[in-house]
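Here the structure of chain P is known, so what remains is to put chain Z in place on it, guided by the hints.
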Amino acid sequence: MSETQKASLSPEGVLGELRKNGVTHVMWLPDSETNWLYMLMKAEPSLRLVGVTREGLAFSAAAGVWTGGKTPVILIQNTGLMESGDSLRGWALGLSVPVVLVVGYRGWTRHGVNSDTAATYTERFLHAFGINYYLVEDDSDAPRISVAFEEARKTKRPVAVLVADEYHGFNR
Amino acid sequence: MMETAEVLKVFARHRGDAIVIPGRGGRHWTSISTRPSLDLPLGDPAMGGHASYALGVALAQPGRKVVVFDSEGDLLMGLGTLATIAEQQPGNLYHFLLDNGCYATTGGQPVPNAQNVAYDALARAAGYNRTHRFDNLESFAIELERILAASGPVFTWLKIVPDVENRPIKQRSKWQTRARDQVIADLQRELGINRGAKA
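From first to last, the protein sequence lines stand for chains P and Z. Residues 334 to 505 in the working numbering are what the first sequence lists, from first letter to last. Residues 0 to 198 in the working numbering are what the second sequence lists, from first letter to last.
Where hints are given, some of them may not hold.
Unchecked claim - Each computed DSS-like pair below joins lysine-lysine, with the alpha-carbon atoms no more than 30 angstroms apart:
no.: 1; chain 1: Z; residue 1: K169; chain 2: Z; residue 2: K8
no.: 2; chain 1: Z; residue 1: K173; chain 2: Z; residue 2: K158
no.: 3; chain 1: P; residue 1: K353; chain 2: P; residue 2: K487
no.: 4; chain 1: Z; residue 1: K8; chain 2: Z; residue 2: K173
no.: 5; chain 1: P; residue 1: K353; chain 2: P; residue 2: K375
no.: 6; chain 1: Z; residue 1: K64; chain 2: Z; residue 2: K8
no.: 7; chain 1: P; residue 1: K489; chain 2: Z; residue 2: K64
no.: 8; chain 1: Z; residue 1: K173; chain 2: Z; residue 2: K64
no.: 9; chain 1: P; residue 1: K489; chain 2: Z; residue 2: K173
no.: 10; chain 1: Z; residue 1: K64; chain 2: P; residue 2: K375
no.: 11; chain 1: Z; residue 1: K158; chain 2: Z; residue 2: K64
no.: 12; chain 1: Z; residue 1: K169; chain 2: P; residue 2: K489
Since the hints were derived computationally from the structure, they do not count as laboratory data.
Next comes chain P alone, as it looks inside the complex (with noise of 0.2 angstroms):
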């Protein structure tokens, strides 16, 4: 095994987490790089995949999942996440729903040098919106996916996942 396959998060352990949380519900509008836990949720009998067109869409969708007492998490590209303000403000934040947002980090670099504005923004966009988010690089830190489902219940309000891995962990 390669040192970067060994560093990677794999989609397994992604799909692990979202079982352990009781996740019912995947809203979800593919990034670039996540076509095997694509196929591994769809493999998933306790998941429903709904794929939506428009990133903000998912928000609304994942706040009538909640509302009807299942557990929907969201998953998108952080561009989508900024595209979805609105949404997130008023579909998640407005009706207190507690969702956690598995977000591809495109553009994320260790070492904060980066080429893409989509990094660039994301952690401004997040802060912007008071939304508290945890960065999960490789499958040691995978628990953290349920320490912000954890939080999410607790605070009653969105929290985020940034899946710093996307280039290489769920590209296989």
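Frame of chain P, contents of chain Z only:
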């Protein structure tokens, strides 16, 4: 063309134990409904999301009818939701569109191409099982029972008279009788949903 309140009064006779998301019809529905604990009069949390919200409720509560009164300006903000709903095929979702041709709450400016968009055709093309269009109350009243008896997702386009609001927002009368959190808590209690359950 129909009045929103009259449409909702006709619907009220057939709602049974459906969950109702009245959308921009909420200002009328709150005084018409006799089952407020099954209503979700949320006003406008963020424009463009009512149909997706209804989809979420319908997926989470597959054993119960879910009825949403969407509006055309709202739907136009997220037309892709038609494809998502059609893909999910929620048999319990009834999607009514209150189309007044304009942004009534901002002074009545027309929505883009207001007189020419065929919303029923859009829904049908996206993959809805059934679509309907009504511009008079009598026909709607005759057909409504059959519409609600069919398996969803069903899309029903209703041409309504604009109820244009021109006063500044702070001067408008508030029609909500419950806070949004309370509305949801009441529904969840009615449905036996434990809010202490996992997020």
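We went through each hint and held it up to the structure:
no.: 1; hint: Z:K169 x Z:K8; result: holds (28 angstroms)
no.: 2; hint: Z:K173 x Z:K158; result: holds (25 angstroms)
no.: 3; hint: P:K353 x P:K487; result: holds (17 angstroms)
no.: 4; hint: Z:K8 x Z:K173; result: holds (21 angstroms)
no.: 5; hint: P:K353 x P:K375; result: holds (17 angstroms)
no.: 6; hint: Z:K64 x Z:K8; result: holds (18 angstroms)
no.: 7; hint: P:K489 x Z:K64; result: holds (27 angstroms)
no.: 8; hint: Z:K173 x Z:K64; result: holds (28 angstroms)
no.: 9; hint: P:K489 x Z:K173; result: holds (26 angstroms)
no.: 10; hint: Z:K64 x P:K375; result: holds (26 angstroms)
no.: 11; hint: Z:K158 x Z:K64; result: holds (23 angstroms)
no.: 12; hint: Z:K169 x P:K489; result: holds (28 angstroms)
Taken one by one, the earlier hints all hold for this structure without exception.
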